[in-house]
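Counting in the working numbering, the sequence shown runs from 1 upward without gaps.
Do not rely on the hints blindly, as some may be mistaken.
[Said to hold, decoys possible] In the SDA-like style, the derived pairs of lysine to any residue whose C-alpha atoms are separated by at most 20 angstroms in a straight line are: (1) K109 x A72; (2) K7 x T126; (3) K7 x K109; (4) K198 x F29; (5) K15 x L212; (6) K124 x F20; (7) K161 x P200; (8) K35 x T60; (9) K109 x F8; (10) K15 x V188; (11) K109 x E138; (12) K35 x Y208.
[To be verified] Ranges of calculated distance between the beta carbons of each label pair, as one might list FRET restraints: (13) S201 x K15: 34 to 44 angstroms; (14) N171 x P12: 38 to 48 angstroms; (15) P143 x R67: 42 to 52 angstroms; (16) L196 x F6: 23 to 33 angstroms; (17) N42 x P170: 34 to 44 angstroms; (18) N44 x P12: 23 to 33 angstroms; (19) M52 x P101: 32 to 42 angstroms; (20) Q118 x H187: 17 to 27 angstroms.
Think of the hints as simulated: they come from the structure by calculation, not from any bench. Beta carbons are placed, not taken as given, at the ideal position from N, Cα and C, and that holds for glycine.
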Amino acid sequence: MCIIFFKFDPHPVSKNAYRFILAANRDEFYHRPCKLADFWGNNNEILSGLDMEEGKEGGTWLGISTRGKLGALTNYLQPRQNPEARGRGTYGLSNALLETPWRKLCFGKQLFLEVVEQSHVLPKDTLVTQLLDVLNNEEAQLPDPAIEDQGREYVQPILSKYAAVCVRGPNYGTRTNTIILVDADGHVTFTERSMLNKDPSCWETNTYEFMLQS
1 MCIIFFKFDP HPVSKNAYRF ILAANRDEFY HRPCKLADFW GNNNEILSGL
51 DMEEGKEGGT WLGISTRGKL GALTNYLQPR QNPEARGRGT YGLSNALLET
101 PWRKLCFGKQ LFLEVVEQSH VLPKDTLVTQ LLDVLNNEEA QLPDPAIEDQ
151 GREYVQPILS KYAAVCVRGP NYGTRTNTII LVDADGHVTF TERSMLNKDP
201 SCWETNTYEF MLQS
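Start from the sequences, fold in the hints, and give me the full structure.
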């Protein structure tokens, strides 16, 4: 599971406003190996974390380029599929289609909006801290008929762990928070907070800053 909130305003009225604000969680098995966010060695225009799972090395869940291109990936919660089925493909935000009204998505979006509505008057460090607070909210949004219907083959204790913005299970859960800010001048601040050593009590935060290139 993953969740992404973002606000896009390409022509902000205020000099202190942001063109783009993104807050995202990566939810994954704690044991799955990865590299923390950094500029790619063979392409220093791209900043992202990297999946290091054997046989799948080099993929990413969220990345941005110095030219302003951004890509993000979330999982899609669904029943077991027919292996003979063809032509499947889904674009999603959180763990369903963009418009699917999961309660945790609606709840998180409201928390996100409350922060970004004040973003033009907040110091940047405060804005990042408040967005991280949104991403680490563990309040389960239950009952949720939408998640229960979409995950109808899963048992209730598993589904309940997916019902919060921040997923926290014994072996699977939120292990990366990412905040991306792009101000009116095209200055990018990329902050990543990552779990270390498969330990939910141990985290490392790194920040990268650069100007968008035309």
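Hint check:
Note on K109 and A72: the hinted pairing holds, with a Cα-Cα distance of about 17 angstroms set against a maximum of 20 angstroms. With a C-alpha separation of about 17 angstroms, the suggested pairing of K7 with T126 holds against the 20 angstroms cut-off. At most 20 angstroms may separate the alpha-carbon atoms for a hinted pair to count; K7 and K109 meet this at roughly 10 angstroms. Distance restraint check for K198 and F29: the Cα-Cα separation of roughly 9 angstroms lies within the 20 angstroms cut-off, and the hinted pair is therefore satisfied.
Between K15 and L212 the CA atoms are separated by roughly 17 angstroms; this keeps the pair inside 20 angstroms, and the hint holds. As the CA atoms of K124 and F20 are separated by approximately 13 angstroms, the hinted pair is consistent with the 20 angstroms bound. Of the pairs offered as hints, the one joining K161 and P200 holds, with about 15 angstroms between alpha carbons and a cut-off of 20 angstroms not exceeded. The hinted pair formed by K35 and T60 meets the criterion: a straight-line CA distance of about 10 angstroms does not exceed 20 angstroms.
For a cut-off of 20 angstroms, the pair hint linking K109 to F8 stands: about 14 angstroms separates their Cα positions. Between K15 and V188 the CA atoms are separated by roughly 15 angstroms; this keeps the pair inside 20 angstroms, and the hint holds. Only pairs whose Cα atoms come within 20 angstroms are accepted, and K109 paired with E138 is accepted, the gap being roughly 14 angstroms. As the CA atoms of K35 and Y208 are separated by approximately 15 angstroms, the hinted pair is consistent with the 20 angstroms bound.
Hint check: S201 to K15, Cβ distance near 40 angstroms, so the stated range 34 to 44 angstroms holds. Checking the proposed 38 to 48 angstroms range against N171 and P12 shows it holds: the Cβ atoms sit about 42 angstroms from each other. For P143 paired with R67, a C-beta distance near 44 angstroms keeps the hint of 42 to 52 angstroms intact. For L196 paired with F6, a C-beta distance near 26 angstroms keeps the hint of 23 to 33 angstroms intact.
The given range of 34 to 44 angstroms is respected by N42 and P170, whose C-beta atoms sit roughly 37 angstroms from each other. The given range of 23 to 33 angstroms is respected by N44 and P12, whose C-beta atoms sit roughly 28 angstroms from each other. Under the hint 32 to 42 angstroms, the C-beta atoms of M52 and P101, about 35 angstroms apart, fit the expected range. Distance hint check: the CB atoms of Q118 and H187 are about 19 angstroms apart, consistent with the given range 17 to 27 angstroms.
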